[in-house]
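Residues per chain, in single letters:
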Amino acid sequence: MSEPVLRTENLTRRFGGLTAIDNLSISLSGGRIHAIIGPNGAGKTTFFNLVTGLLGPSSGRIYFRGRDITGCRPYVISRMGIKRTLQVKSVFPDLNVADNLWITRQARNRFLNPFRAATSDKETRTRVEQTLQQIGLSALAERPAGTLSYGDVAMLEIGMALISEPSLLLLDEPTCGMSPAETSRAVAKIRDLARSIDIVIIEHDMDVVFGIADDITVFAQGAILASGNPAAIADDERVREAYLGRPEDEDFMEEASHA
Amino acid sequence: MRDTVLLLAMNGLIWGLIIALIALGLSIIFGLLDIINIAHGDFFMVGTVLAWFSLSVTGNFWIGFLVAPLIGFLLGAIIQRLVIQPIHGVAALSIVATFGLSLILQETVRITFGATPRRILAPIGGTVPLFGVDYEIYRLFAAAVAVAALAGFFLFLQHTRLGIWMRAVRHDRETAIAMGIPARRVYVMTFGIGFALAAFGGAVAAPITTVDFRGGVDVLPFCFMAVIIGGLGNLPGTVAAAVLLSFLEGLIQSVADPTIARISSLVLMSAVLMLRPQGLFGGFTK
Amino acid sequence: MTRRFIEMALAVAGAVFLVTVPWSIPALIDNFWVSVITEILIWSLFAASVNLLFGYVGLLSFGQALYFGFGMYGVALGIDRLGLSFWPAFGLGIAAAMTMALVSGIFAVRLSWHYFAIITVVFSLIFYFLAVSMKPLTGGDDGINFTLPPVFRLDGKAIGLTDPTFQYFFVLAAVSLCFFLMYRLINSPLGKGFLAIRDNNLRASLIGLNVYALRLIAFVMAGFLAGVSGALFAFFGRYASATYMFYQVSGEAVVWTIVGGAGTMFGPLVGTALFIVIREIVSSHWEHHSLIVGLLAILSVIFAPRGIVGLWNGWMARLGERETVKKAPSRLTLRAEP
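Those protein sequence lines, which keep their order, are chains Z, V and S.
No gaps in the numbering here: position 46 of the first sequence is 46 in the numbering used here, and each next residue is one more.
No gaps in the numbering here: position 138 of the second sequence is 397 in the numbering used here, and each next residue is one more.
No gaps in the numbering here: position 319 of the third sequence is 864 in the numbering used here, and each next residue is one more.
Isolated chain Z, as found in the complex:
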């Protein structure tokens, strides 16, 4: 039985009186696209924050391909091969698009050379150009990332995920705020990536979730409510209740029942 890509053991995270993640023991195996869904405040992003080291757990442990990464610093976890995107699109606004990709690639090196000119690194330059083509932003290479449209920033983030050659990619609501056209583009890219990278994706857009996920885990109040393949989840009464129980998420219920 192969080692799960990501595994937690009784993971708990409290903020004062609030328990955001409650005794979570999850196991995600490789080679499949995992989606994590759930109502707002269920702890999905907190879970990502714990895995990537931005938060430390109150108790419990986290294992990445068998390695205990509990309590490691974010950049250490990143160098191990776990990369993520953030809910609010986050790139380097004053750097141009090419440089955003460039530095993402270079960040893997333990030592950043202070003497040679950045442009002299051929290998990185080639990879940057390849990635620009893959995400379709070659024309915008010289533009400061802060001036890009929302959809282009999202593609840049995916490009940064690509060029860093992660072993595990965590996507936090990647299609949030996108038009339908941009969403299809992004979904296609994610499917591409999934061929060589293990992906876990947090999403609210049920079309996207039921379209690409191999496994779905439903979070509610910091714990797993249900998990299984898309068909099982769509039929699950408890899942409907979890969404129904919060009036502001009524449209999620709608989408879940039509999936």
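Some clues are possibly wrong.
[What the hints assert, rightly or not] Here's a subset of chain S near chain Z, in silico, CB distances under 8 Å, partners left out:
(1) A718
(2) K737
(3) A741
(4) L747
(5) L754
[Said to hold, decoys possible] Label-pair restraints from in silico Cβ distances:
(6) S:G636 - V:T434: 55 to 63 Å
(7) Z:N229 - V:T434: 53 to 61 Å
(8) V:A442 - S:S721: 26 to 34 Å
(9) V:A515 - Z:D68: 49 to 57 Å
For the record, the hints were derived by calculation from the structure and aren't laboratory data.
A virtual CB, placed ideally from N, CA and C, is assigned to each residue, including glycine.
Given chain Z's structure and the hints, the job is docking chains V and S onto it.
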């Protein structure tokens, strides 16, 4: 020897109460407008100068208690409108702006008031025996005034509309605006009140310190210490820290020279910043 | 008139001007201004140390005067107390400044930017007061004077900074070398790492950059620049004083940098030159030149928030492009920690 310790400790305590007023002004400016106000010590200095001018023009010292905060408030409001607002409160730019302001204030005072430091005679003379030491009555009076002003300020924050608005904006800017609180007006008022508090502190302190265009330079770091050690956004914490620090410095001064006392406060402040940046009494982390 | 042509022409003109100063200035104006320009070069290097941290890494240090002071006293005490000759004293000043930067940086760069700014002042104040209280050693605010050893000996003849022309060229060479090193740094992989941290330090850690380590490296490099300028200052004035470690000195450098243009190569030079020239010109006619300085600081942040060089870059960008460019967000908007 025991007399000196007591004397210096009491001086420290009383000075701390006055500084608390000034530091409070800095705290609300820092807490609400996110501005590191380099000119704040000069706001205090302007207060001392206004007290001196009121005295020399009218012959009455007490008028200064009214004139200083009033003019301070007006100046503060005008400065906020003319200088701070156009730069949209961008923190780094406001540092340069308040630095420029500090130069302008100091130089203007130097032009009008002159470069020689002057002293004001305490309006209430005489001493009173206290704990075996003959203590200046005016200092005790100043402490009482400071306490009254502090109490008044906290009542203002709790019970007036503007006070509630200020607390709301400090707590959650966006929600406050969404609820219809006129944030811009609150900023103008806050800066004005900050200046007024410092100026009032200056007027109260004038008889026990020198009136000098460079008088703000020493006060500024001390106010920042009080704000940080007390906890950013924690107003009662700022007051407590100001009093505590000044009291401690007074104590240390009785066994070592003032420079050592100042160094100790600074070292304490570094320790707090590194180990417990939210301050000894807890505040919002920035 | 393309952008490249204009910038090249300016660069050449600037270089020619700087190289001919010891002859052109006395002929056109006055000998005294040669030493003013020498001072401008020294202080612009100090401003560059602020600029490296603030403009390229996003850390606003208000305490660079501390490392300036260590460089200054390293030279002064090295010559006066330890009897060192020129180069060892220079080296001592720089080493002292960098060591101090390392030690204080270890603690300081852990903090978010508000607290970082404050702790840099606190550290510099602590040492200022220490310097003042150790008057026998440092001369306190009055300072210590010393005689300058020669820079090197040629055929038995000693050549030193007592010759104003040699002094000018020595300072020019040192400052130019430092600016050149900065230029190489900014365009290197490490430099790009700095920019990433400046722009978005959360994202930087997520892509694998060790934000703490990189900030510390930058802090020590800035300490180097401040130390060199302090050492040059001591050589220039044969003098060292605790006054130059006070926070107002640091504050002035911050103003020069931001008014000149933070995050640009020549911003610190332009800003420093502007303020020092104004100070010299105005103070000879009117003693209240600080008013002008203060007003200039305020006006420039309101009307030229990206600094003079930033303004220039904006004009050049418009010149160099045909399509309209959306205005990039102000680089000076420091993002709050999440």
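- Message: Is the interface hint satisfied for K737 of chain S? The criterion is a beta-carbon contact with chain Z at less than 8 Å.
- Response: Holds - the Cβ of K737 of chain S comes within 8 Å of chain Z, reaching about 5 Å at its closest.
- Given A741 of chain S was flagged as interface, is its beta-carbon under 8 Å from a beta-carbon of chain Z? Check passed: Cβ of A741 of chain S comes within 5 Å of chain Z, closer than 8 Å.
- Task: So, A718 of chain S near chain Z? Judge it on the closest CB pair being under 8 Å.
- Result: violated, 20 Å
- Cβ distance range 55 to 63 Å for G636 of chain S and T434 of chain V, holds or violated: With a Cβ separation near 57 Å, G636 of chain S and T434 of chain V satisfy 55 to 63 Å, so the hint holds.
- Taking the CB of A515 of chain V and the CB of D68 of chain Z, does the distance hold inside 49 to 57 Å? This hint holds: roughly 51 Å between Cβ atoms.
- Distance restraint evaluation - N229 of chain Z, T434 of chain V, Cβ atoms, bounds 53 to 61 Å: violated, 41 Å
- Message: Against the range 26 to 34 Å, how does the distance between the Cβ atoms of A442 of chain V and S721 of chain S compare: consistent or not?
- Response: violated, 48 Å
- Message: A closest beta-carbon separation below 8 Å is what the hint needs, so does L747 of chain S meet it against chain Z?
- Response: With Cβ-Cβ at 7 Å, under 8 Å, it holds.
- Can the hint on L754 of chain S be confirmed by a CB-to-CB distance to chain Z that is less than 8 Å? Constraint on L754 of chain S satisfied, holds at 5 Å.
Comparing the model with each earlier hint shows violations of hints 1, 7 and 8; every other hint is respected.
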